[in-house]
Amino acid sequence: MFNIPIHSFYMMTFVVILLITGSLIRWRLQVKNPQTDYLELKQRIQSWWWMIGILFGILLAPTTVSIIFFALLSFLALKEFFSIMPTRQADRRILLWAYLAIPLQYYWVATNWYGMFLIFIPIYVFLFLPMRAVFIGETKGFIRSLGTIHWAVMLSVLCVSHIAYLLQLPVKNEQAGALGLVLFLIFITQFNDVCQYIWGKTLGKHKIIPKVSPKKTWEGFIGGVITVTLISGFVAPYLTPLTMVQGFVAGTLIAISGFVGDVVISSVKRDLAIKDSGTLIPGHGGLLDRIDSLIYTAPLFFHFLYYLHY
Amino acid sequence: MNRFLKILFFALLVKPMVLLGLGLNVFFKAKLPKQGPAIVVANHNSHLDTLVLMSLYPLSQIHKIRPVAAADYFLKNKLLAWFSLNIIGIIPMQRKHIRDTSALFAQCHRALDDGDILLLFPEGSRGKPEQLSDLKRGVHHLIKSRKTLKVVPVMMHGLGKALPKGEMIFVPFNCDVVVGDAIPFNADAKCYIDSVSNALNQLLALCMTRQSVVKDDLE
Chain Z
1 MFNIPIHSFY MMTFVVILLI TGSLIRWRLQ VKNPQTDYLE LKQRIQSWWW MIGILFGILL
61 APTTVSIIFF ALLSFLALKE FFSIMPTRQA DRRILLWAYL AIPLQYYWVA TNWYGMFLIF
121 IPIYVFLFLP MRAVFIGETK GFIRSLGTIH WAVMLSVLCV SHIAYLLQLP VKNEQAGALG
181 LVLFLIFITQ FNDVCQYIWG KTLGKHKIIP KVSPKKTWEG FIGGVITVTL ISGFVAPYLT
241 PLTMVQGFVA GTLIAISGFV GDVVISSVKR DLAIKDSGTL IPGHGGLLDR IDSLIYTAPL
301 FFHFLYYLHY
Chain G
1 MNRFLKILFF ALLVKPMVLL GLGLNVFFKA KLPKQGPAIV VANHNSHLDT LVLMSLYPLS
61 QIHKIRPVAA ADYFLKNKLL AWFSLNIIGI IPMQRKHIRD TSALFAQCHR ALDDGDILLL
121 FPEGSRGKPE QLSDLKRGVH HLIKSRKTLK VVPVMMHGLG KALPKGEMIF VPFNCDVVVG
181 DAIPFNADAK CYIDSVSNAL NQLLALCMTR QSVVKDDLE
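Top line first, the protein sequences correspond to chains Z and G.
Reminder that position 172 of the first sequence reads as 172 in the working numbering, one-by-one numbering, no gaps.
Reminder that position 87 of the second sequence reads as 87 in the working numbering, one-by-one numbering, no gaps.
It is possible that some hints are incorrect.
In silico BS3-like cross-links for lysine-lysine, where the CA-CA straight-line distance does not exceed 27 Å [unchecked claim]:
| hint | chain 1 | residue 1 | chain 2 | residue 2 |
| --- | --- | --- | --- | --- |
| 1 | Z | K275 | G | K29 |
| 2 | Z | K42 | G | K29 |
| 3 | Z | K42 | G | K31 |
| 4 | Z | K201 | Z | K215 |
| 5 | Z | K201 | Z | K42 |
| 6 | G | K128 | Z | K140 |
Which stretches of chain Z does chain G cover? Using the computed rule of at least three CB atoms under 8 Å from a CB of chain G, they are [claimed, not checked]:
| hint | region |
| --- | --- |
| 7 | 73 to 81 |
| 8 | 93 to 99 |
| 9 | 272 to 278 |
Sample of chain Z residues facing chain G (criterion: CB under 7 Å; computed from the structure) [as the list claims (entries may be wrong)]:
| hint | residue |
| --- | --- |
| 10 | R88 |
| 11 | G141 |
| 12 | I143 |
For the record, the hints were derived by calculation from the structure and aren't laboratory data.
Even for Gly, the Cβ is constructed at its ideal location relative to N, Cα and C.
Construct all of the structure, not just a fragment, from the sequences and the given hints.
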């Protein structure tokens, strides 16, 4: 089918079936309780259809198109960061330079220049932005501004670009292809979000970090980690070069770091006293609200995989 | 011909730029007046304000949206004047001759009679980035004879960072556009202007980007 490697094709079909099930359940709920307003649930599911549709379309397109798409994702995420975080008027030019790091970073991805891809942001951008700021000459608030800006660039450009680089790794699992890695990462990350939510809803009692996220509980977290670890171990050999045991470790890594990514972005929003980071995705909030865990899981999964197999 | 150019300008340039370069968080869009005559009063921090507000309307409606703008600035040379009058469709306002109010607002009244929607920036000037300056009373003069006219406040935040006064370089930022409830008429000009100002400040609290301003900049 469309020349999709067979395991990736099964995975995509499985996700579509999940979505159809979700839509049917929502529809049944609405028919059963016509008075209740399911608008948010409806919006959420509709947005999922859009996101999955766009993601699958992009993954099936030529690799360059996929890379450009992830560059766009970085741009939208960085823009969301810059729009909610405090920055000075004097920082405008520095922000513009920070945006320019995106095409360069994805150029390294597209040309498969691994060394540059790794060090460009933590070394070159990291050293360049303060220099540019010095030439502007505003020293009041200098530390806070430069710290904030570099942090945002690391999270939304360096971390997100790791997803794109997965597509550039030599294919070691012929039946999954390059897109198998991306499908695995994104599916396990989102599955973890859902598992932690469901375990928390059903068993949740002991709060884990009440000051940041009052709804997060130990039960949800542990339940999520166990479920995701198991599922990941069984799925990994089909979609990645990882063995089953390595898959278990990858699952634990993704489950824990996904949780951390989620609460890190929650802390940012709590600091700024806002509920969502934007309105880009109806029913979900902003882009950062959706990819918060992925920001953390992408580089960690990438380097785990790279260390073991490349 | 000009209307065609106007639609092209908004379809190919303004709308894509607002969508991608800016990105809007629009709240309560349904409260915007869909048909004229009506007035939209908004805060003013950037030239982008006008374009963003107009971009909220469908292309078929855009020629009915008329920003009221300073004649001394927007008509200062031929090219800018042609662009402002024909592509944007501004109603020029002579800021210098404010003695004769009936002559000053003649064009505004004509537009309202035609069922247009006026965009008014009662701060009068873009002022400092992301700060609400004192409001001028012009809007009250304009609606004294039209007590039932719908006047809708709109608060925009973030555009003063994307393209502030005196800057040529555009920097991408998400911006908030919050539409409020129509402001009831009050015969007392000062009370009326205060209620506009209050309405705008209340809408500010809903802006997601409100924390992005560093306090030091405001001093």
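Structure-based check of each hint:
1. Z:K275 x G:K29: holds (20 Å)
2. Z:K42 x G:K29: holds (20 Å)
3. Z:K42 x G:K31: It holds: about 23 Å lies between the C-alpha atoms, which stays within 27 Å.
4. Z:K201 x Z:K215: Roughly 9 Å separates the two Cα atoms, so the pair holds.
5. Z:K201 x Z:K42: Judged against 27 Å, a Cα distance of about 20 Å means the pair holds.
6. G:K128 x Z:K140: Holds, because 18 Å separates the two Cα atoms, which is no more than 27 Å.
7. 73 to 81: Since 4 is at least three, the answer is holds.
8. 93 to 99: holds (count 4)
9. 272 to 278: Contact hint for the region 272 to 278 of chain Z vs chain G: holds, 6 residues under 8 Å.
10. R88: At about 5 Å, which falls below the 7 Å cut-off, the nearest Cβ of chain G leaves the hint on Z:R88 intact, so it holds.
11. G141: At about 6 Å, which falls below the 7 Å cut-off, the nearest Cβ of chain G leaves the hint on Z:G141 intact, so it holds.
12. I143: Where the cut-off is 7 Å and the nearest Cβ of chain G is about 12 Å from Z:I143, the hint is violated.
Of the hints listed earlier, the one the structure fails to meet is number 12.
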